[in-house]
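S.K.: Sequence:
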Amino acid sequence: MDLSIEETIEQVAMNSRWSVKQLELLRKVHGDEFIKSMFVLECDAEETQLNDAMAIQ
1 MDLSIEETIE QVAMNSRWSV KQLELLRKVH GDEFIKSMFV LECDAEETQL NDAMAIQ
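For the record, in the sequence shown the residue sitting at position 23 is 23 according to the working numbering, with numbers rising by one throughout.
Errors might be hidden in some of the hints.
[As the list claims (entries may be wrong)] Okay, the calculated beta carbon distance ranges per label pair:
| no. | residue 1 | residue 2 | range |
| --- | --- | --- | --- |
| 1 | 7 | 53 | 23 to 31 Å |
| 2 | 2 | 22 | 36 to 44 Å |
| 3 | 32 | 53 | 18 to 26 Å |
| 4 | 2 | 29 | 34 to 42 Å |
| 5 | 28 | 2 | 31 to 39 Å |
| 6 | 7 | 30 | 27 to 35 Å |
| 7 | 21 | 54 | 17 to 25 Å |
| 8 | 55 | 22 | 18 to 26 Å |
[Said to hold, decoys possible] Straight-line Cα separation of at most 20 Å, SDA-like style, residue types lysine to any residue; simulated pairs:
| no. | residue 1 | residue 2 |
| --- | --- | --- |
| 9 | 36 | 53 |
| 10 | 21 | 37 |
| 11 | 36 | 54 |
If you're looking for bench data, these hints aren't it; they were derived computationally from the structure. These numbers come from a predicted model, not from an experiment. Here a beta-carbon is modelled for each residue, glycine too, at the ideal position from N, C-alpha and C.
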């Protein structure tokens, strides 16, 4: 599922220390691909945590 850039910003803001306003400024400076790469990294970290939790069980 591909999220719009606005949805991606909201997701990153919910799952990181960044606020929506900060992410919008980063988008303005660095572009959409930078924001999308942040979301991918965030998902990867979350997936790693889930995998680690499953391994403990």
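S.K.: Between the alpha carbons of residue 36 and residue 54, is the straight-line distance 20 Å or under?
M.R.: violated, 27 Å
S.K.: Holds or violated: residue 21 and residue 37, Cα atoms, limit 20 Å.
M.R.: Distance of about 18 Å is within 20 Å: holds.
S.K.: Should the hint that residue 2 and residue 29 are 34 to 42 Å apart at their CB atoms be regarded as holding?
M.R.: At 23 Å between Cβs, range violated.
S.K.: Within 27 to 35 Å: is that where the Cβ-Cβ distance between residue 7 and residue 30 falls?
M.R.: Given about 18 Å between the Cβ atoms, the range is violated.
S.K.: Could you tell me whether the CB distance from residue 32 to residue 53 stays inside 18 to 26 Å?
M.R.: violated, 32 Å
S.K.: If I claimed the Cβ atoms of residue 2 and residue 22 lie 36 to 44 Å apart, would that claim hold in this structure?
M.R.: For residue 2 and residue 22 the Cβ distance comes to about 23 Å; the hint is violated.
S.K.: Could one say that the CB atoms of residue 28 and residue 2 fall in the range 31 to 39 Å?
M.R.: Hint violated: Cβ distance 21 Å, outside 31 to 39 Å.
S.K.: Does the Cβ-Cβ separation between residue 21 and residue 54 fall within 17 to 25 Å?
M.R.: Distance hint for residue 21, residue 54 is violated at roughly 36 Å.
S.K.: Is 18 to 26 Å respected by the C-beta to C-beta distance linking residue 55 and residue 22?
M.R.: violated, 34 Å
S.K.: Next pair to validate is residue 36 with residue 53; report whether the Cα-Cα distance is within 20 Å.
M.R.: violated, 26 Å
S.K.: With 23 to 31 Å as the target window, see if residue 7 and residue 53 comply at their CB atoms.
M.R.: holds, 26 Å
In summary, the numbered hints that this structure violates are 2, 3, 4, 5, 6, 7, 8, 9, 11.
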